[in-house]
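These protein sequence lines are chains Z and L, in that order.
Each residue of the first sequence is one higher than the last, beginning at 530 in the numbering used here.
Each residue of the second sequence is one higher than the last, beginning at 783 in the numbering used here.
In short, the hints are calculated from the structure, not lab data.
Fair warning: there could be bad hints in the mix.
One side of the interface only, derived from the structure: several residues of chain L facing chain Z at Cβ under 8 Å [said to hold, decoys possible]:
1. Glu910
2. Pro915
3. Ser980
4. Glu1036
5. Pro1037
6. Met1069
7. Arg1072
Glycine included, each C-beta is placed from N, C-alpha and C at the ideal position.
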Amino acid sequence: MKAPLSWLKDYVDIDVTAEELQEKLFGCGFEVEELIDIGKDITNVVVGEVVECEPVEGTHLHVCKVDCGEHGVLQICCGADNVAKGIKAPVALVGATVYATAKDHVTVEGVMTIKKGKLRGIDSYGMLCSGVEIGVSGDMYEGADYNGLLLLPASCKNGEDVKPILGLDDYIFDISITANRPDCQSILGIAREVAAVLNKPLKHPDCTYKTVHSDEGVKVTDLAPDLCPRYIAHYVKDIKIAPSPMWMRKRLALCGLRSINNVVDITNFVLLEMGQPMHAFDLSTLSGREIVVRRAKDGEKITTLDDKTFKLNHDNLVICDGDKPAALAGIMGGLNSEIESDTKELLFEAAKFARDSVRKTSRALGQHSDSSAMFEKGVNEYTTELAMGRALNLIQALNCGTVTDVHCDVRTPYSHDGAKTMAVSISKINALLGITVPTEEMCSILQRLDFGVKVDGDTLTLDVPAYREDIDQYPDIAEEIIRMYGYEHIHGTFMPTAKVTNGGFNDAQKAENNLKRALVEQGLYEISTYSFYSEKDLDLLKIPADAPERKFIKIKNPIGEDLSVMRTTLAPSMLHTIVRNLRRGNMEGRLFEIAKVYLPKELPLTDFPEERKKLCIGLFGMCDFFDLKGVIEAVADSIRAKFEFVPSTRSFLHPGVCADIICDGKVIGYAGRLDPAIADELALERKAFIAELDYEQLMSCAQPFKYKPLPKFPEVTRDLALVADMDVTCGQIEQAIYGACKYVTDVKLFDIYVGAQVGAGKKSMAFTVTFTPADEAITPEKCDGYVKKILNNLSRNLNVVLR
Amino acid sequence: MIEEKIEELKRKIDETTKDIKSSKSLAELKMAFFGKQGEISELMKGMRDVPKEKRPEVGKIINALRDWANEKFDALAESVKRIELEELYKAEKTDVTLPGRKLPYGAYHPNTLVIRELVDVFAGMGFEVFEGPEIENDYYNFTALNTPKDHPARDMQDTFYITDELLLRTQTSAGQIRVMEKKKPPIKILSPGKVYRSDDDATHSPMFGQMEGLVVDKGITLCDLKGMLDEFARKVFGPSVKTRLRPSYFPFTEPSVEVDVSCFECGGKGCRLCKGTGWIEVLGAGMVNRRVLEGCGIDPDEYTGFAFGMGIERIAMLKYGINNMKMLFEGDVRFLKQFKD
Chain Z
530 MKAPLSWLKD
540 YVDIDVTAEE
550 LQEKLFGCGF
560 EVEELIDIGK
570 DITNVVVGEV
580 VECEPVEGTH
590 LHVCKVDCGE
600 HGVLQICCGA
610 DNVAKGIKAP
620 VALVGATVYA
630 TAKDHVTVEG
640 VMTIKKGKLR
650 GIDSYGMLCS
660 GVEIGVSGDM
670 YEGADYNGLL
680 LLPASCKNGE
690 DVKPILGLDD
700 YIFDISITAN
710 RPDCQSILGI
720 AREVAAVLNK
730 PLKHPDCTYK
740 TVHSDEGVKV
750 TDLAPDLCPR
760 YIAHYVKDIK
770 IAPSPMWMRK
780 RLALCGLRSI
790 NNVVDITNFV
800 LLEMGQPMHA
810 FDLSTLSGRE
820 IVVRRAKDGE
830 KITTLDDKTF
840 KLNHDNLVIC
850 DGDKPAALAG
860 IMGGLNSEIE
870 SDTKELLFEA
880 AKFARDSVRK
890 TSRALGQHSD
900 SSAMFEKGVN
910 EYTTELAMGR
920 ALNLIQALNC
930 GTVTDVHCDV
940 RTPYSHDGAK
950 TMAVSISKIN
960 ALLGITVPTE
970 EMCSILQRLD
980 FGVKVDGDTL
990 TLDVPAYRED
1000 IDQYPDIAEE
1010 IIRMYGYEHI
1020 HGTFMPTAKV
1030 TNGGFNDAQK
1040 AENNLKRALV
1050 EQGLYEISTY
1060 SFYSEKDLDL
1070 LKIPADAPER
1080 KFIKIKNPIG
1090 EDLSVMRTTL
1100 APSMLHTIVR
1110 NLRRGNMEGR
1120 LFEIAKVYLP
1130 KELPLTDFPE
1140 ERKKLCIGLF
1150 GMCDFFDLKG
1160 VIEAVADSIR
1170 AKFEFVPSTR
1180 SFLHPGVCAD
1190 IICDGKVIGY
1200 AGRLDPAIAD
1210 ELALERKAFI
1220 AELDYEQLMS
1230 CAQPFKYKPL
1240 PKFPEVTRDL
1250 ALVADMDVTC
1260 GQIEQAIYGA
1270 CKYVTDVKLF
1280 DIYVGAQVGA
1290 GKKSMAFTVT
1300 FTPADEAITP
1310 EKCDGYVKKI
1320 LNNLSRNLNV
1330 VLR
Chain L
783 MIEEKIEELK
793 RKIDETTKDI
803 KSSKSLAELK
813 MAFFGKQGEI
823 SELMKGMRDV
833 PKEKRPEVGK
843 IINALRDWAN
853 EKFDALAESV
863 KRIELEELYK
873 AEKTDVTLPG
883 RKLPYGAYHP
893 NTLVIRELVD
903 VFAGMGFEVF
913 EGPEIENDYY
923 NFTALNTPKD
933 HPARDMQDTF
943 YITDELLLRT
953 QTSAGQIRVM
963 EKKKPPIKIL
973 SPGKVYRSDD
983 DATHSPMFGQ
993 MEGLVVDKGI
1003 TLCDLKGMLD
1013 EFARKVFGPS
1023 VKTRLRPSYF
1033 PFTEPSVEVD
1043 VSCFECGGKG
1053 CRLCKGTGWI
1063 EVLGAGMVNR
1073 RVLEGCGIDP
1083 DEYTGFAFGM
1093 GIERIAMLKY
1103 GINNMKMLFE
1113 GDVRFLKQFK
1123 D
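Work the whole structure out from these sequences, hints included.
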């Protein structure tokens, strides 16, 4: 929301600087995002009178003597075609800053500093300026558009600073307005706040007008009261379309709007000043001199002012005449009812359209305007009424037509003007704030904010201003008070009335923290990736069409296809992270992520889906499967669980390097090497290994900590070098060793050998077996017996023999 | 004669030990003289052939030899050991500037570190941690937070929808309602988690972390919110950091405030981090809206409360000086390995 300081000054006697006002607005809830000093680039430019002007032979130049008052009479060379003796124009003194223009004298190319110069051998001590050179347009100052000197009136004093004369001493406040204050999306709305914060009276804009009787009736019918709760129309005749006066053009220009003509400018001016979108129809184009507010018929068409044609449906609200749409309600007028230079009579519209309806239509059609933006923020009917008065007042002030007494005000059951009375408790307000604001101070603040205030003991009875639809209950009043009283009055206290509670992570959250610690201790870096990916990521992993991972939840309005599917597995995100690292030259890494996957109970989704946590581990670079397995075993150790790894397959893993991770007979995840075919497709220069475990199942394997007393007798170890057939797995041998003797508490492979010495199709494997005694010491003889049993078991079941 | 024999033996010992350089060969040599079959032992055995009256004298001589030999071997052992040690030192001399071997140590994601630090700060004040679902329905994410359909505040957030009813939560505030529906005051919870908004540019990410805090009890005031935030600012950003409240708007709190902390980089004088203002915006907060309490079956005339919400990435970026939010989601190991616990 842009508010020029000069405009605000029309309504409030502002006696502080722009910076001070910015500070005050900030304090009461209106952050000035930018304070624009519109003349900041222009310095040392004064009024000069050309007292002598002689042409320079053979050039378009004139050499002038310019009286600059206290700055002296300066010799200045000037190339403008309108330089002449007796004129007054802005003079940039030596050292002044002005805008540099291109050869066309119109295009601004930055800021320049004026230096003493020589043109065609003639000394020049400054520059006579055009409007462009000092940043003044024709809408800011009459005649400033001329491509020559900007002529100043004779009444200006020589040597005087030109900035106040041209309005360059102005500031524009670009203010961010919170969603609860649509009433402040206007100059008047900001002025109300400024008046309150400066404790000054508000000079309200004149909304009165005189009418002339007319017998020419106008009929208004509202067939969609839910979308148009209020519609006011007023008939104005004897229209004289003309340019707007300078003061109005300047206001519009400061807010970034171009002047069109008096009638159109009035609608725009009222929108800026009051925050109420207005529309003016050329009444002669409205068939039957009537307005019908209704939903569009499916397939009905309208061409708007900007010559775009839209096909409508019953969700779109249109303003029609006797038979056709004449405006897209609240968004833009129709081309067919546009105000033209020969328009003689018009119908003003000030209405309230439901914000949702305007928003939906505006979005659906892709057609936006200042009007639709305002309706989307919210318009109150108090302002709707006021704005019509203001527009008619301006018609008279600008002398551009005759205001008739034909006024149609359609109120519907959905209409309400917002004014209300409420009673609030002073002590409750103070209790919420935690401080005691003096009652007189409360009353003063609320009165400044235009509330009617009556005090009766602890009760404040308030007449809420009609435009304050955000005021609902006593905390709203507390907020009004504290934002004006000042948040610096709020001092920190430490919940003296609250009950003591026990805080921190719960057991499950602590367990997750511990798991992360175990992973970090294994040298893994934790990553965090987006919860959504593309269906193509599942294709990349060759996930079969009927796999559960393909039963996913889709986002209706994703940013793009690549972020459109809620993930059902973390593997693609991990793989992409690995790829990104390798492409950036990070050739090695160990990563993990604990995050949710989203599993629908049924599709399309009708109920909350299951959000299941997964642990995903990714290793890449100089590593092998056993690095990955080691990490997972460390995870198992950290929760005192034991996992088995059983050869398995996954669509995206190497068929020979892939295992199911099993705990208590349940598959809780997988681990393996990325299929070289996929690695090839992604042009990966290093091997990648991925494991994914179901977090809940993993944590359900956790065994509680229980202290075990140390054994009374020492443990005994024996090394066994075995020869096995090539296809016998290490896991099978370990199982057989454990199975043969109950005193075996640990079996550890320490060497593996394949070669001529053990024969073809065979391998040698060496294990350290630990025996832990129970009630009596294990003597060497006893141990020999156990080993014998183990060897028997091995040879019987696995054809494994001692080497 | 025995004397001659002894002299010869002495010479032999002198001769054979002259070039001894290792304790092992010295021990072997000593064995050769003192062992069961050793020459000195043989001498002792020879006592049998010595006439009885001469035995004490001969014994004396032999004992003297043995003592002499023992002393000699001990002295030799000492010096050989010294030589051997010298050699060991020389052989094992290490270039201590060669790289060390360390166990790999990983790193937590900065968001994890920030969440833990925040929980740590608030746990001491009695806040429990609650985690709600990320796929929420319209009711918990908006309506129950005093943001019915058609509310202007819905435009403040670009929501990802799954169906008309189900959506990706845009704020962890959704969790507030779930807690208040189940738990009656006193309530003190923190709710960290992922939230989603359809925004994707240099300073926005479609997924980011938020931490919501909620207190509901008897007599809770805006001053209590301020007191708690002061404590938070001091613990997270530094002991001299102050907070500033300024008016703002959230549908689920009233009054609502934006909370700034004094710039911990420049101490409030104005610098690049605080864009010259001396203050840094860190979170939004306010007193829980009465309608929100009512909707959860909590009597707003009996209880009041406050809520606050902050962006995890924002805190991480401020704390660690990370200038690009995207880095937090890219998983670049060069970035990650810097964040030790």
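Hint check results:
no. : hint    : in the structure
1   : Glu910  : holds, 6 Å
2   : Pro915  : holds, 6 Å
3   : Ser980  : holds, 6 Å
4   : Glu1036 : holds, 4 Å
5   : Pro1037 : holds, 3 Å
6   : Met1069 : holds, 6 Å
7   : Arg1072 : holds, 5 Å
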